[in-house]
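Colleague: Model the placement of chain B on the given structure of chain A, informed by the hints.
There are 2 protein chains.
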Amino acid sequence: MPSGFRPDLAAIRAAHERIRPFIHRTPVLTCTAIDDMVGARVFFKCENFQKVGAFKIRGATNAVRSLAEEQATRGVVTHSSGNHAAALALAARQRGIPAYIVMPRNSPAVKKEAVAGYGGRITYCEPTQPAREAACAELVQATGATLVHPFDDEAVIAGQGTAAVELLEEVTDLDAILTPVGGGGLLSGTLIAAKGIRPTIRVIGCEPALADDAAKSLREGRIVPARPPVTIADGLRTSLGHKTFPIIRELVETIALVEEAEIVLALRTILERMKVVVEPSAAVPLAALLNRPLGLAGKRVGIILSGGNLDVSKLLPS
Amino acid sequence: MPSGFRPDLAAIRAAHERIRPFIHRTPVLTCTAIDDMVGARVFFKCENFQKVGAFKIRGATNAVRSLAEEQATRGVVTHSSGNHAAALALAARQRGIPAYIVMPRNSPAVKKEAVAGYGGRITYCEPTQPAREAACAELVQATGATLVHPFDDEAVIAGQGTAAVELLEEVTDLDAILTPVGGGGLLSGTLIAAKGIRPTIRVIGCEPALADDAAKSLREGRIVPARPPVTIADGLRTSLGHKTFPIIRELVETIALVEEAEIVLALRTILERMKVVVEPSAAVPLAALLNRPLGLAGKRVGIILSGGNLDVSKLLPS
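Protein chains in written order, with our numbering: chain A, 1 to 318; chain B, 319 to 636.
Please keep in mind that the hints were generated in silico from the structure rather than gathered at the bench.
Note that CB positions come from ideal geometry on N, CA and C, so glycine has one too.
Check the hints yourself; a few may be wrong.
[As the list claims (entries may be wrong)] These stretches of chain A come out as covered by chain B in the derived footprint (C-beta under 8 angstroms, 3 or more residues): (1) 48-58; (2) 170-184; (3) 305-315.
[Unchecked claim] Covered by chain A, per the in silico footprint, the following chain B stretches (three or more residues, Cβ under 8 angstroms): (4) 366-380; (5) 412-422; (6) 579-586; (7) 622-632.
[Said to hold, decoys possible] Here are the simulated DSS-like pairs of lysine-lysine, each with C-alpha atoms no more than 30 angstroms apart in a straight line: (8) A:Lys314 - B:Lys430; (9) A:Lys112 - B:Lys632; (10) A:Lys314 - B:Lys632.
With the rest of the complex left out, here is chain A:
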């Protein structure tokens, strides 16, 4: 895909064909107890059951499989708070090429182990955007590997949009889809896919009030950087990118903000009532649906459960 070209529904469908052999078709689950709490019919697209435990394998696989052979052999490189790193490492291993991963030192242990387990070659850096980008640039220089940005990349955006394609294949008459928003890869891919398939559908991005850079960016009409990371939803601490921001600005209905306590309660609800493991970021859309007046009473609502890489060690006696 030429750089600067915005992916459209055709690009997402092509991505879907490309990645299908390498990813899981994840199930769509419902939960009567949650429907009753929300007052709507909710369809959860379970990307927590996806390979590497997150939707990120979709974009990473599309990016890796889109590289020409000679370019691919030199490998791929990225910086990520975790799930994209694991995803790129696995996608690269599946193609038999190296993956160089820059990770912040303070990433959750479960995510570091996952990256190493998938064969990623890790370089640690300080947990700031400039430190990540500098380390990446150095690796590109040294290896000739291709940078695959966690979200600000056309092939990644197209890949992330395939989750919404599958969701709408199974539940064709959704009134709305809610996704979490961090860097905006999932949200922008979902917007293009969902609006392309079903123009009347409402798509709402959901983010922690403590990481409200997407809401601010929309309000101010420019990319407002994220504040220092404090939200429990560690996957959503990044700022929007130059490729995701215009798509979101054009197509999204709104960005719903939720408080930390609301995220915790939504997480608890999913663990206790659905009996599935999700990470805090994945609980943000349900937190919005439970606590914000989104005009979705009685509607059919899709939620993308973005990932399941919860650090469960606190649950377990040592």
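Modeller: Leaving out everything else, chain B in the frame of chain A:
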């Protein structure tokens, strides 16, 4: 069913017809990562997704639905460490009759809340078998309600056997089924169902070494009482009953014992790799499969994930 009559496969099939409208048909999941760890193909019957989060709704519903109308109106009574209590409360509410529940004071909060949430009328007692039985007897005296024992009851045993029926409907060529064993309701129901449907199948009960009363009972040929409760697998702290013991003694291949650390690691594996929430008791069979030489390498093994009522509060900031 006349008292003293041992349920057979026909009784379990009749129970299945009786309870089908009131329970979930739970999915059977597989996990490549776990297959690789075990060296066998494992099929998990997900009773953690069952109503009340445990297989116990099967036996409780069969018992409640087997009562004659006049007898039913006086209600049901039981003592339980939790899941049977919630199950009986829900089964009774579904039939519109009262459920009187005797629970040990030290039951996990999540289980107490569940019982109350399903409309059970709770009486607390000391966490000993005699205290439970005395409180139950008082309630029967006062209300005329029918005692539905958590496991030592023909209708309950027949109901619990329906999980294995469904598992064998979906995976007809299983070489073995593993279940946890506490009071033995699930194991004895599974034995009758599985051996009835597929006589060559191997059925193995799995229990914590710290609650090895079933293994001891088989060895000594008499019911050996459980030691004071210490295992993390709180659902498995009970002793075998006079109705479950003879069935298990006749039909079970062996009782595999597992250490506490093995249970914790199996629990962690299920949470992290399958991304489903189970309670410690449900992890005991996988712990056995991972750590004991059961002769199941390369075989097709069914595991009943007995319940999902894990207390997740430790995971969550307050």
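Colleague: Each hint should be assessed against the structure and marked as holding or not.
Modeller: Hint-by-hint comparison with the structure:
no., hint, result
1, 48-58, "holds (count 3)"
2, 170-184, "violated (count 0)"
3, 305-315, "holds (count 6)"
4, 366-380, "holds (count 3)"
5, 412-422, "violated (count 0)"
6, 579-586, "holds (count 3)"
7, 622-632, "holds (count 5)"
8, A:Lys314 - B:Lys430, "holds (22 angstroms)"
9, A:Lys112 - B:Lys632, "holds (22 angstroms)"
10, A:Lys314 - B:Lys632, "holds (6 angstroms)"
When the structure is compared with the earlier hints, violations turn up for hints 2, 5 and for no others.
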